[in-house]
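*Asks:* Next come the chains, spelled out residue by residue.
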Amino acid sequence: MNLGLLLPAGLAAGFALLLPLLLHLSRRADHRTTPFAALRWLEVRQRPRRHLQLEELALLALRLLLLAMLALLLAQPVRYAASGGSDWVVVAPGIDRDVAWAGLAAPRAQWHWLAPDFPALELDPPASGQATSSLLRELDSTLGDDVRLTVLVPARLSGLDGQRPSLRRKVDWRVIETDTPALIPSRPAPVKLDVRDDRPDDPALRFFRAAAAAWSASAEQPNADNPDIVIAPSSERIHPETRWLVWLIPGELPADVRGWIASGGVALLGASTSAPEATAGGVLWYGRNGDVLVRGRALGDGRIMQLSQALEPARMPELLAPTFPDRLRALFDPPPPPEAALAETQRPLTDGPRLPPAPRPLTPWLAVLVALLFLAERWLATSPARERSR
Amino acid sequence: MQAPELIPRDVRARLRDLRLFSRKQSGGTGFGLHHSRSRGAGLEFSQYRSYQQGDDPRQIDWKLHGRSDRYFVREAERDSTLEVWALVDATASMEQGDAARPGWSRLDAAKGIAACIIELALRQGDRFGLVTVRGDGISVVPASTGPRQRSRCLLELLALQAQGAWPDSARLRAIGERIGPGALVLVLGDLFDEPCVELAEQLSAARREVLTVQILTAEERDFPFRGGHRFKDPETGRELQGDGALARRGFLERFALARSELSTRLAGSGVRHLEYVLDGPLDAPLQKLFGKPAADAGPEGA
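Here the protein sequences come in this chain order: A and B.
Residue 71 in the working numbering sits at position 71 of the first sequence, and the numbers go up by one each step.
Residue 1297 in the working numbering sits at position 297 of the second sequence, and the numbers go up by one each step.
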């Protein structure tokens, strides 16, 4: 076990150790007045020596210890993970406990769930869908260098993130076959796109109509006759159930539309609409040539986006591309990032960074010790025997 | 009136075996317990002597005159009463006690011993009186006898507080005038002060039997002080700062020398001198002075 200090300057509080020393020195009653009638036979040649003598050594020691512990507490001691120790087996949630025990013979290892705080396997299984990759990285950095790690994962592993975990140790990666339900691709729910344009013959409306028709065709109950699009002038109020709005009216964005966005709506503004919030947002869609097509950002509970180009195929060839409906939908409803994969493909790499092991704070234990020392000091300092001797 | 505050119960029990006596025979009047060399009318025949002018004719032994045709006077030893005085030093130095036994000062011991003397004198039918010396004056309870006299003396003792320093010898001379010749005077004090010792010598020279009990504290005997102390003389107010352990050896030597000089000096003046240390039993000096000779093994004044 290696100890370290996060704030060694806190040890400067150790100068406070001088205080009890001074207290116990100055209590030295060098001038007790003693009535003494036979004074004439008393001869004092030398003055009383300065006795650098400490009184009440037990109490002094306790006080010194208390202050030393306080100084140490200020210095924030930490303990680095012990090297060595028994091997670890972590089981991803979703695997049956008995199956895990049966599948691996590691009697001397510590068995834990792959979940936050790594609860012991004897405890109730945590909910599945934990941030598996992140937990693996945490475990890798916490455990000592020579602890062997075995990970039991189901065949379909969820809780992954964008990068395959790359650890500093070689992990015994065991894939346990579990009967997981087959993946059914979910179809997007039907939504209405509300387009506001004061010119009913605007050629830009063609692209939105086409996109809405494409969405309707791929919906669960396709009805090409009733495409999910409403085209209305700006004077019409926004329907409360409307979630997606396309605003193609030039000029300042009205305040009520802004309020609607802030209460949870998602709006795509035309290039001629002036809305400084959207222009300041990040780029959501790059064109083929690297030019910016859509910027956007959050506004209140909703999101505001704005086209940077006019809706003309000459300026924006993507309008004619077959992927336009999907891209448009992704603007309004960004698909979730992929987080599940076949466990076999997610075997951790071993080229992880050699980070120093994460320290564990000793502060709570030290605080308890300081409290106990303080109680002991008070008990000793206020004991009746000491009061009597004063 | 009982005075349990002054005499502890066990000491009172041991007083039973004591009897006050004077080595100088008392010439007082009345019938008492004490042998006297003065002769006269009495119970126990002593001697015949020839008639001298002025003798009472009733004392002539007429039967002897018939046989010898001379006038003889029959003399008897006369048992006389003793006059006992307790002289208590109540100057400020008597307030000193031991740290080991707080609340028990030299003065308390002196009061206790004086009360013992009074009890003994009362039991023997002797006349007794009390003299207390304080810085602001000398108080005398004139010698008398009887329980009421004891009450007077005990009342005086109980109210006694230590104060001041010894008065000069001129004022002390009054004491000698109040104490009759042949009286037994028990001086209770620390005897550190010259006027006190001089008074004892003067009384002894004036044919009083003087006994001195020097009351010492255990700290004066052992000097157990360690570390720095500020020693203060309660009478003069003089202070000395010093280290107890360093001063111990010199003090013990000088103090022992001073005590032995005092003892020699008092013995030369015919004073019986004793020391009493505060941690000893209260009746120890009385046992030494008046106890049975077998118990009186130690040399006096040691």
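No wet-lab data here; the hints were simulated from the structure.
Glycine included, each C-beta is placed from N, C-alpha and C at the ideal position.
Careful, some of the hints might be misleading.
What the hints assert, rightly or not - Below, in silico cross-link-like pairs of lysine to any residue (SDA-like), each with a Cα-Cα straight-line distance of 20 Å or less:
hint	chain 1	residue 1	chain 2	residue 2
1	A	K192	A	A214
2	B	K1063	B	F1045
3	B	K1232	A	R40
4	A	K170	A	A109
5	A	K170	A	T150
6	A	K170	A	A214
7	B	K1292	B	E1275
8	A	K192	A	T150
9	B	K1232	A	S86
10	B	K1232	A	A214
11	A	K192	A	S133
12	A	K170	A	E43
13	A	K192	A	T242
14	B	K1232	A	R32
15	B	K1292	B	W1104
16	B	K1232	B	K1063
17	B	K1232	A	E236
18	B	K1232	B	W1104
19	B	K1232	A	E43
20	B	K1232	A	A109
21	A	K170	A	T345
Claimed, not checked - Stretches of chain B that chain A covers, calculated by requiring three or more beta carbons in the stretch to come under 8 Å of a beta carbon on chain A:
hint	segment
22	1222-1236
23	1240-1254
Stated by the list, open to error - Here are some chain B residues the structure puts well away from chain A; computed CB gaps all over 10 Å:
hint	residue
24	L1020
25	F1021
26	Q1052
27	Q1053
28	W1062
29	R1148
30	R1152
31	R1178
32	F1192
33	Q1202
34	R1207
35	A1258
36	G1268
*Asks:* Compare the distance between the alpha carbons of K1232 of chain B and A109 of chain A with 20 Å, and conclude whether the hinted pair is satisfied.
*Replies:* Distance of about 79 Å is beyond 20 Å: violated.
*Asks:* For K1232 of chain B and E43 of chain A, compute the direct alpha-carbon distance and say whether it is at most 20 Å.
*Replies:* It holds: about 13 Å lies between the C-alpha atoms, which stays within 20 Å.
*Asks:* Test coverage of the segment 1240-1254 of chain B by chain A using CB-CB distances below 8 Å; three residues minimum.
*Replies:* Result for this restraint: holds, n = 9.
*Asks:* Checking the smallest CB distance to chain A, is Q1202 of chain B really beyond 10 Å?
*Replies:* Nearest chain A Cβ is 22 Å from Q1202 of chain B, so the label holds.
*Asks:* Hint check: K1232 of chain B vs R32 of chain A, CA-CA at most 20 Å. Holds or violated?
*Replies:* holds, 10 Å
*Asks:* For R1178 of chain B, is the shortest beta carbon distance to chain A beyond 10 Å?
*Replies:* Per Cβ check, R1178 of chain B is outside 10 Å of chain A; nearest 27 Å; holds.
*Asks:* Should the label of A1258 of chain B as a non-interface residue stand, given a Cβ cut-off of 10 Å to chain A?
*Replies:* violated, 6 Å
*Asks:* Sort out whether A214 of chain A lies within 20 Å of K170 of chain A, counting only the CA atoms.
*Replies:* violated, 49 Å
*Asks:* Please verify whether K1232 of chain B and E236 of chain A have alpha carbons no more than 20 Å apart.
*Replies:* violated, 109 Å
*Asks:* Is the Cβ of Q1053 of chain B more than 10 Å away from each Cβ in chain A?
*Replies:* Correct as stated: the minimum Cβ-Cβ distance to chain A is 59 Å, above 10 Å.
*Asks:* Just double-check Q1052 of chain B for me: nearest Cβ-Cβ distance to chain A has to come out over 10 Å.
*Replies:* Check passes; 56 Å lies beyond 10 Å.
*Asks:* K170 of chain A and A109 of chain A: Cα distance at most 20 Å?
*Replies:* holds, 16 Å
In summary, the structure is inconsistent with hints 6, 8, 9, 10, 11, 12, 15, 16, 17, 20, 32 and 35 from the numbered list given earlier, while agreeing with the others.
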